[in-house]
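Number of protein chains: 2
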Amino acid sequence: MSFKAERQRLSAFFQFGQSVDCVVFGYDGSELQILVIERGAEPFFGYEALPGDLVRMDEDIDEAATRILHDLTGLNNVFLDQLKTFGSVQRHPLGRVVTTAFYSLINQTKYNPRPASWAVKARWKSLGELHEMAFDHREILQTALDALQRQVRQHPIGFELLPEEFTLAQLQGLYEAVLNTQFDKANFRKKILSMEVLKALDKTQKAVRHRPARLYKFDPQRYHSLAKQGFLFEV
Amino acid sequence: MSFKAERQRLSAFFQFGQSVDCVVFGYDGSELQILVIERGAEPFFGYEALPGDLVRMDEDIDEAATRILHDLTGLNNVFLDQLKTFGSVQRHPLGRVVTTAFYSLINQTKYNPRPASWAVKARWKSLGELHEMAFDHREILQTALDALQRQVRQHPIGFELLPEEFTLAQLQGLYEAVLNTQFDKANFRKKILSMEVLKALDKTQKAVRHRPARLYKFDPQRYHSLAKQGFLFEV
Numbered sequence: 163m164s165f166k167a168e169r170q171r172l173s174a175f176f177q178f179g180q181s182v183d184c185v186v187f188g189y190d191g192s193e194l195q196i197l198v199i200e201r202g203a204e205p206f207f208g209y210e211a212l213p214g215d216l217v218r219m220d221e222d223i224d225e226a227a228t229r230i231l232h233d234l235t236g237l238n239n240v241f242l243d244q245l246k247t248f249g250s251v252q253r254h255p256l257g258r259v260v261t262t263a264f265y266s267l268i269n270q271t272k273y274n275p276r277p278a279s280w281a282v283k284a285r286w287k288s289l290g291e292l293h294e295m296a297f298d299h300r301e302i303l304q305t306a307l308d309a310l311q312r313q314v315r316q317h318p319i320g321f322e323l324l325p326e327e328f329t330l331a332q333l334q335g336l337y338e339a340v341l342n343t344q345f346d347k348a349n350f351r352k353k354i355l356s357m358e359v360l361k362a363l364d365k366t367q368k369a370v371r372h373r374p375a376r377l378y379k380f381d382p383q384r385y386h387s388l389a390k391q392g393f394l395f396e397v
Numbered sequence: 163m164s165f166k167a168e169r170q171r172l173s174a175f176f177q178f179g180q181s182v183d184c185v186v187f188g189y190d191g192s193e194l195q196i197l198v199i200e201r202g203a204e205p206f207f208g209y210e211a212l213p214g215d216l217v218r219m220d221e222d223i224d225e226a227a228t229r230i231l232h233d234l235t236g237l238n239n240v241f242l243d244q245l246k247t248f249g250s251v252q253r254h255p256l257g258r259v260v261t262t263a264f265y266s267l268i269n270q271t272k273y274n275p276r277p278a279s280w281a282v283k284a285r286w287k288s289l290g291e292l293h294e295m296a297f298d299h300r301e302i303l304q305t306a307l308d309a310l311q312r313q314v315r316q317h318p319i320g321f322e323l324l325p326e327e328f329t330l331a332q333l334q335g336l337y338e339a340v341l342n343t344q345f346d347k348a349n350f351r352k353k354i355l356s357m358e359v360l361k362a363l364d365k366t367q368k369a370v371r372h373r374p375a376r377l378y379k380f381d382p383q384r385y386h387s388l389a390k391q392g393f394l395f396e397v
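In order, the protein sequence lines correspond to chains R and S. Quick note: the first sequence uses the numbering used here, first residue 163, plus one each step. Quick note: the second sequence uses the numbering used here, first residue 163, plus one each step.
Please keep in mind that the hints were generated in silico from the structure rather than gathered at the bench. Some hints here could point you the wrong way.
Since the list can't tell identical chains apart, any single copy or any two copies may satisfy a pair.
Think about it this way: if two alpha-carbon atoms lie no more than 20 Å apart in a straight line, the pair counts; the simulated EDC-like pairs of lysine to aspartate or glutamate are [to be verified]:
1. K166 x E358
2. K166 x E204
3. K246 x D222
4. K352 x D381
5. K379 x E338
6. K347 x E301
7. K379 x E327
8. K166 x E327
9. K353 x D381
10. K246 x E301
11. K353 x E338
Excised from the complex, chain R in its bound form:
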């Protein structure tokens, strides 16, 4: 059978839509946040949603994720990692749409989301502020959150969420926000410093009321070697 005839024979299978959805995490200094849009299109008009849309027939799904995140929120140069594909039969009211979810951790201060295309709003929200979400986006978000919680314990990725120079208190706050727990300050410091992933700077915080704390940044070499091999952040 020719390819053309074979394609014809299988045409009933070629009726899927493919979409991408982006889970972008940020940290506002006290809470873990997620970039959400308000939908200005059906279905789920007016609902909060992850930035996502249908993939075009002529674009790779990885490229589509970058393009769609930019189209809806204005964000550029965001590194997106594939999370998981969600393919339940009934997940989309308009037809059979399989969605591939991507996720990213970004330093909020570097990006300024603005709604565009059919997104009415695009903004950061903490988990507690979220309303009912469109489609299965709550499930996708939860899957991303579970992955983030696993990963920050095994890889030094959490640091992506911080400014380049940060205090140990900021780092502890971030880990507490992501893992939704509280750490003992002395233990946390001892453990994180023993990993030798941080470089102490000859600088302290500016414009704070309390005694300014020392600033740190990563040791990039050590950071990359740990990020690759994995480490256990057991605090």
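Chain S: place on chain R using the hints.
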């Protein structure tokens, strides 16, 4: 706009095929192996391929993976984990097909693959024995192998590939096969035993020429706790 009209407006997007491909790893006692089929259908007729096929419009992709693996190879009750979705525009000659790859580690002695449906052969092959593979299956396999190599160093999952009771030499052989390296015997034993993931049995190997070695199995509780939290297997 009604949902129906909206679906109509977007119909150009609904022409994707969705497939699944399964990377099933086994261990024959000396080499890491992969379950492959020989294709008896176009495209790539006669090529070696991962067991995979198009998803039906009315099945979840996770269900499809289980169904298709069984259809082509006869394997039942195989736990499949999602690996990654591959969505390059040109990856399939018959049209735009996005494939979600799944992977699994199984104890070869418990499963007996047999070809069925349009698979002409279904059998275990070591990496070195593989011919040119259909589609982007070589890339999918490599991605699965990279994931396996990362995971066996961070989680005690490699054990899934062994019989329930095994010797330390078998375990070392498995880790050497997966990581494609050689370990010092004394160091390997010391490290693996220090993790306390193994239970020493009051049993030794049977029917071997050399002095029979002690058999071990997991401590399931310890195993699950480590599998969940992650551990670093640095040998």
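Here is what the structure says about each hint:
1. K166 x E358: Neither. Shortest intra-copy (60 Å) and inter-copy (58 Å) distances fail the 20 Å Cα cut-off.
2. K166 x E204: between (35 Å within a copy, 11 Å between copies)
3. K246 x D222: both (16 Å within a copy, 14 Å between copies)
4. K352 x D381: Cα proximity of K352 and D381: one copy only (17 Å, versus 32 Å across).
5. K379 x E338: within (19 Å within a copy, 37 Å between copies)
6. K347 x E301: Classified as neither; 33 Å inside a copy, 45 Å across copies.
7. K379 x E327: within (5 Å within a copy, 48 Å between copies)
8. K166 x E327: neither (58 Å within a copy, 52 Å between copies)
9. K353 x D381: Classified as within: same-chain Cα gap 16 Å, cross-chain 29 Å, threshold 20 Å.
10. K246 x E301: Answer is both: 11 Å inside a copy and 18 Å across each meet the 20 Å cutoff.
11. K353 x E338: within (14 Å within a copy, 32 Å between copies)
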